[in-house]
Amino acid sequence: MIESKSVIYIQALRFDPDQQGGSRFQSYEVATMEALSVMALLVKIHETDASFACRTSTCFKGQCGSCLIRVNGQDVLGCVTLVRPGEAVVLEPHSKFRVIRDMVVDFSQPREDDNDIAKM
Amino acid sequence: MILRRCETEVLVVGGGGAGLRAALAAAEAGSAVIIVNKGPIARSGITLTAAGGMQAPFHPDDSPLQYFQDTIRCGYGLGDQNLAWALATGACDAVLDLERYGARFVRNEAANFALGQFPGQSQPRNLFVKGGGIGIVSALAKACKTHGNIRILDDFLVTGLIKGKSTGNPCVSGVMGIDLCSGELTLIRARSVVLATGGCQWLWEVNDCPTDAVGDGLAYAYRIGAELIDMEMILFYPSVIVWPPSLKGAFVHYEFLAESILDGNVYDKENLPVLPKPLPVRDEAMRLLDKAIREGRGESHGGLMWYVGDSPKGLAAVRKKLDIAQYNYIKAHGVDPATARIEVTPGAHYLLGGIHINEECRTTIDGLFATPECAGNFDGANRLAGSGIAATQVFGTRAGRYANQWASVNSLAEVDAASVEEAVTRVGLRLAGHSAADKQKSTVKSMRDRLRAAMQQHAGVRRDQAGLEQLANVIREIQEDLQNATVPAMKVYNQPLLDLLQLETMCEVAALVAKSALLRTESRGHHFRQDYPAQNDEQWLRHTCIAKIGTAAVMGTKALVVQKQ
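Read top to bottom, the protein sequences are chains B and L. For the first sequence, the positions run 0 to 119 when numbering that gives the first Met the number 0 is used. For the second sequence, the positions run 0 to 564 when numbering that gives the first Met the number 0 is used.
Since the hints were made in silico from the structure, they are not lab data. There's no promise every hint is true.
For lysine to aspartate or glutamate, the following EDC-like pairs were computed, each having C-alpha atoms within a straight-line distance of at most 20 Å [claimed, not checked]:
| hint | chain 1 | residue 1 | chain 2 | residue 2 |
| --- | --- | --- | --- | --- |
| 1 | L | Lys490 | B | Glu28 |
| 2 | L | Lys444 | B | Asp17 |
| 3 | L | Lys141 | L | Asp96 |
Computed Cβ-Cβ distance ranges for the label pairs, DEER-style [as the list claims (entries may be wrong)]:
| hint | chain 1 | residue 1 | chain 2 | residue 2 | range |
| --- | --- | --- | --- | --- | --- |
| 4 | L | Lys268 | B | Val75 | 32 to 40 Å |
| 5 | B | Ala87 | L | Lys268 | 34 to 42 Å |
| 6 | L | Leu2 | B | Ser26 | 34 to 42 Å |
One-sided and incomplete, this derived list gives chain B residues near chain L with beta-carbon spacing under 8 Å [unchecked claim]:
| hint | residue |
| --- | --- |
| 7 | Ala52 |
| 8 | Lys60 |
| 9 | Gly61 |
| 10 | Val89 |
Don't be surprised by glycine CBs; every beta carbon is placed ideally from N, CA and C.
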């Protein structure tokens, strides 16, 4: 694969609660000349693949936590985590909360220890 | 198809500042309350984006009467005076209530509230909530979670109001909605329903609100026959960021450009300042910016440059003033707001009009209450800085209190079967699909982009008859395209369904805005008609009013309320 300086490469963990078989990674590419926040990246993925679920609400302050997510193995706020063109990122749901679908988590419930996603 | 049913005394739709305050007021008065919110509470909604200014007349030289007069004057006389008076007389109590719930306000050396003076305020009247809108919502959400009478349902998308059986005045009997986490279609019956769903700013391509702001409550109230007023009155904030793309939608304060604060300006591509000093109020400011952009003075992404880097106050003072979450967010995106030129244009910021209410927050439907931002119109054709948050608290309290009162003397209305059928069909029709989701979704996105671009172009800062008629045609075309759109019938967190239902709502609300803007053949405050540039008090010191009768949208006007109480 030839890496382009105008593309962000994403490996995103998919989880479909209606299907058996746990989680799997899926590759996406987002064309951009500018750096994007992880939150903006998620919205772009959802716009091209409707089945990819993510929360889209934001407070524009980096505080509300609607965008909590795991990027390259670290739990972060997606709205203030920047990814530059040419970079590759691994996106997973935040590790502390129960996963509802893909990146959407239930903030009121903790992740269970035997959750298969956490073990991956 | 209805999978779950439940009942409550007071149902609050929307978990932002107004909804949470309404729930507390109703619960404290004794009602059993359910709050439903389409996202997680305190992690969604418009209040979170508020910068933290809240007006209340605490200054020794100030008074509720002055606040009232400023409100009416700034609104170009279009505000209902009963509502403006309720706001002016209730704001101080609302601040003290917020403190009681745990929100904290910035205080000065003497431990009094620190008061700022923004354009249009005749006295220093602006308090600052620590943590901004998040500080408010966090405190109220905590109070709701610990109150025994309140139950919160997160990720619950209301899809419509359910009418009650009635031989007289139309009434509400509850809501239909989808529990997004389980996919269950749920009927919640309630004695009274409070709509606290916020505005519809996301209909415009440039706005400073989260994606939640699609106008749900407006469409739901309209569908069951409630009167909506002044839907053409959208407040445009002068300085919403349009570049870089990762910061799109955040705003920088035009108020901070005042001589007394940072004394910066917004500059064109020749580096000429666009705003005069003292700073004009919001509608004048946004029109000046729009004019400069229209004259070709904008930068490459269509905006002008907000800049405080040469502030006579000095860099240290600028950094101190900007050391708040909103500006640290901008910094995290690699842009230093203290030194960088930031590209901005006017963007949709607040809905002034909305569901018609009286001073008890009653709509024209029995048992249905509404509170700003989705209810109008306490401010008129413009709003003072700091009144948005104050209104969520003052009217939220009133809505909750009077909804409780209604619930204590009325039993559950019997549900109207046809209304339930319609609500079930609305969702069921969309779930019939089993074709490729990807193909359909790109259509939803393209339809939504088209709608938002048309709103920006034709119902933005400048409007005229030809443009508004064209907008109405675009909306109709999108609605036709939308008619047969379906999504896969997946249960858990069906986001394509959420997107589709929201687009349907957006189209309905957009049509109301277009019709109302067409009807008001004058310019007043934030409604600027190029073809009717003058304010016409003789004909237009009235609300535009729109209501659904049968299947038709009936337009008219409604007299202003000119009695304070």
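Against the structure, the hints:
Annotation: proposed proximity of Lys490 (chain L) to Glu28 (chain B) is violated, straight-line Cα distance about 28 Å (limit 20 Å). The hinted pair formed by Lys444 (chain L) and Asp17 (chain B) fails the criterion: a straight-line CA distance of about 25 Å is larger than 20 Å. Between Lys141 (chain L) and Asp96 (chain L), the direct Cα distance comes to roughly 14 Å. Compliance with the 20 Å bound is thereby established for this hinted pair. Distance hint check for Lys268 (chain L) and Val75 (chain B): the Cβ-Cβ separation is about 36 Å, which falls inside the suggested range of 32 to 40 Å.
In this structure the supplied range 34 to 42 Å holds for Ala87 (chain B) paired with Lys268 (chain L), their Cβ-Cβ distance being about 37 Å. Separation of Leu2 (chain L) from Ser26 (chain B) is about 36 Å and conforms to the stated range, judged on CB atoms against 34 to 42 Å. Hint on Ala52 (chain B) holds. Least Cβ distance to chain L is approximately 5 Å, under the 8 Å limit. Residue-level restraint check for Lys60 (chain B) holds (minimum Cβ-Cβ distance to chain L is 4 Å; threshold 8 Å).
Interface restraint check for Gly61 (chain B): the shortest CB-CB distance to chain L comes to about 4 Å, inside 8 Å, so the restraint holds. Taken as an interface hint, Val89 (chain B) does not check out: its beta carbon lies about 19 Å from the nearest beta carbon of chain L, beyond 8 Å.
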